[in-house]
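Work the whole structure out from these sequences, hints included.
Chains as they are written, first to last, in my numbering: chain A, 1 to 242; chain B, 1 to 242; chain C, 1 to 242; chain D, 1 to 242.
To be clear, the hints were calculated from the coordinates, so they are not data collected in a lab.
Here the structure is a predicted model, which means the values were calculated and not measured.
Some hints could be false.
Where chains are identical, the list cannot tell them apart; a pair therefore holds if satisfied intra-copy or between any two copies.
Capping the alpha-carbon separation at 27 Å, the derived lysine-lysine pairs in DSS-like fashion look like this [as the list claims (entries may be wrong)]:
1) K38 to K233
2) K79 to K110
3) K233 to K106
4) K85 to K106
Number of protein chains: 4
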Amino acid sequence: MPIRVTVWHEFRHEKRNPKVAEIYPKGMHEAIASHLRKANDLEVRTATQDQDEHGLSDDVIQNTDVMTWWGHMAHSDVKDLIVEKLYHRVLQGMGLVVLHSGHFSKIFQKLMGTSCNLKWRDDGEREILWVTRPGHPIVNGIDDHLVIAREEMYGEFFDIPEPECTFLISTFSGGEVFRSGCTWRRGLGKIAYFRPGHELFPTYHDLNVLKVIENAVRWAAPASTPAHPTFGKRENGWLERK
Amino acid sequence: MPIRVTVWHEFRHEKRNPKVAEIYPKGMHEAIASHLRKANDLEVRTATQDQDEHGLSDDVIQNTDVMTWWGHMAHSDVKDLIVEKLYHRVLQGMGLVVLHSGHFSKIFQKLMGTSCNLKWRDDGEREILWVTRPGHPIVNGIDDHLVIAREEMYGEFFDIPEPECTFLISTFSGGEVFRSGCTWRRGLGKIAYFRPGHELFPTYHDLNVLKVIENAVRWAAPASTPAHPTFGKRENGWLERK
Amino acid sequence: MPIRVTVWHEFRHEKRNPKVAEIYPKGMHEAIASHLRKANDLEVRTATQDQDEHGLSDDVIQNTDVMTWWGHMAHSDVKDLIVEKLYHRVLQGMGLVVLHSGHFSKIFQKLMGTSCNLKWRDDGEREILWVTRPGHPIVNGIDDHLVIAREEMYGEFFDIPEPECTFLISTFSGGEVFRSGCTWRRGLGKIAYFRPGHELFPTYHDLNVLKVIENAVRWAAPASTPAHPTFGKRENGWLERK
Amino acid sequence: MPIRVTVWHEFRHEKRNPKVAEIYPKGMHEAIASHLRKANDLEVRTATQDQDEHGLSDDVIQNTDVMTWWGHMAHSDVKDLIVEKLYHRVLQGMGLVVLHSGHFSKIFQKLMGTSCNLKWRDDGEREILWVTRPGHPIVNGIDDHLVIAREEMYGEFFDIPEPECTFLISTFSGGEVFRSGCTWRRGLGKIAYFRPGHELFPTYHDLNVLKVIENAVRWAAPASTPAHPTFGKRENGWLERK
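Encoded structure:
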């Protein structure tokens, strides 16, 4: 059974800024999706914000095992109803891989219970991402660190709950530091945050970056037998009667 | 400097159910507050849901170091605007001690990012709370376990994020189990959940239970020097210029 | 590539106590191993304490992806040198699934950094294991709870480091509670503890118990590309020169 | 009741290297201890490696609430018996604040269950320590980041168990990153690691560094009522008979 992946993308910068369109002629989502499609165990579709229901019909949401999320300039335009559906789907087991400026998305903030705020600067400086949990499946094939020649800076304090695992920490030429790869669980769902991906740089053409996303998708996939936790009133003796 | 505590209470069961009023003639909040008032280092006020703004004016919220929260039948009547203010105050450092059925309060759900659902049964059965992190300040003075003769049952799965610390786990006569004492941090604020406290039992007259609440209040108090993390754009070189 | 599993077993109770031999005629290790051998993705061998080097030659250790460990009456007879080798192998990525009385094994204590002590009683009482992290791969196929009709009791306080994930919590007829399913990482290796398995009960013939062990083995398997973190002195400029 | 602090120090570099002696004429321990002695709530003594029993008699160990630990060139000379005593004392509730090269001490490795290895370079470069958990008592009074003009570099991967809290992360001029402030609990004891403090730089004269150490000592202090968890066999019915 393949993992059903939905690569969700805001897809607005590419339409308004020729520089972004030049780097990502088909959109950032296609750069990511076309990489993931090479894997036999992944079944990949894309969805974008300006589609009907942001491309996220009930059918798409229910039949997605893992969603990746990139948004930036239009977080507030994402409908609360869709966010609510995504939230419940994560609690039921859908994995969520939040990319770069997706830190400020409604769905990430709702799942974290914090502001997810940070410092930033888009000067295109060198980012080094250091592996702080070697052996973790998300950094499979990434041995010690990765270098991205030009990226936006994100700096601490990053207002997130203490991660269950911090697998990458970045340093920038300017001297800042950032927890760039983190994981949490909410309900039955697994959530990963992965920092790189400013729209003005060709980050999603970087093979190491794509590899981490691919790994994260596999890590976030739900267990093969869906769990259905039950809640509510239990009469005395129910355990014996079963 | 004393810790400024606000004991927040729904205060409806006592007005509608004579049995509850008999156990808590002045309300559950007064049972808790009158215990806390005995401590020299705590400055205690109460606030209840049917007061103006639920008793939570901006002034009260800003001047509260730690809030305790009990609600049950009227969670949905708590105004979203007040919840939003409480949320931001926790991120700025206010401690929050969520009691019993407060697990379903809007503020707890918002901070957790999960449904906080569970199993339950109100047959008045024996609860034993086992200390799973001896030495933790919240169980200071509680050595191995506490017994409550009659309580409501809460059972797993309790849909919360993995606690940063689980300091108490309960077992009930019926055979269920529950993570009854848990902690998390969100922003600068510390959050504790403590399970016991069904309105039909005299749980908040139990000295061990009151001791845990008192300990939790001290544990959740913010650091003496308030921190003010800053976010947003940083020009290159700002670190050197400072 | 199959996961190479070594089922390690003390294998002494079976030889000395006819009751144990009756339940496990070929030893507990064979009960576990014969279940695991049914899975196509697992390559299973066994090793026992009274073999040369406890059945753990350098070759066996290096070629094991995940080891399960059951010991009880002879922990102190396990050679320190072998423990040291296992410890380094875990840090290099070998998964370790510690079963029942293995909580007191040298290797588990060394990896935890705590005493791993607990309360116990072997009266053969009912154990209910409640799933506290549904959706976790180790409880794949186990929906809400499992019941074992007769088992030894283990009770809190269990002196372990705060688990990274607590996926099962047990309650016993006597009223005690125990964190029965926990995970940690040490170096590149993943470690799971799973409580049931007293030698006087047919626990390792229980299909749910076997399923959890099988799941744990898969969960603990190292990433497909072995990581080799490097340490030590780095000259200034090494990052640029690479 | 004051917190009884023992500042433990290897105290060998100062005797062999005039440069170190010039920076710390009375030893690094006195730089730390003389700062801590200014606080009314701390009762401070020192102990050094070349004293009898490393200055750590049973009486000193039993009457220490929090110990700070700096060692570097002589870790292997610390007697195993003393390490064993320190280990049990931590499990019973003594706080431990491990400084800089203490990462390789026997006691830290034993409590962590990992190698605690890292990358390093002693070129005297700029270190910036970023606060990643504002509001935490250990960074009380440290708002956003601290700068140390010249320090040794420590770089990831730092082979430690996932910290329960990471309160500081460093970046260095050379581009490396390091989790410089971390906490764990073992048994009843709290453990903090704090990175800065190479012997060739006046780091322990830096007021911010001293403040973090002072905060860490207070954070690591045991609860006011000592807990005494008990283990071992419990007869059926013991809970009712109490």
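Subject >> Hints not upheld, ascending by number >> reply: Hint 1 is the one this structure does not satisfy, whereas the remaining hints hold.
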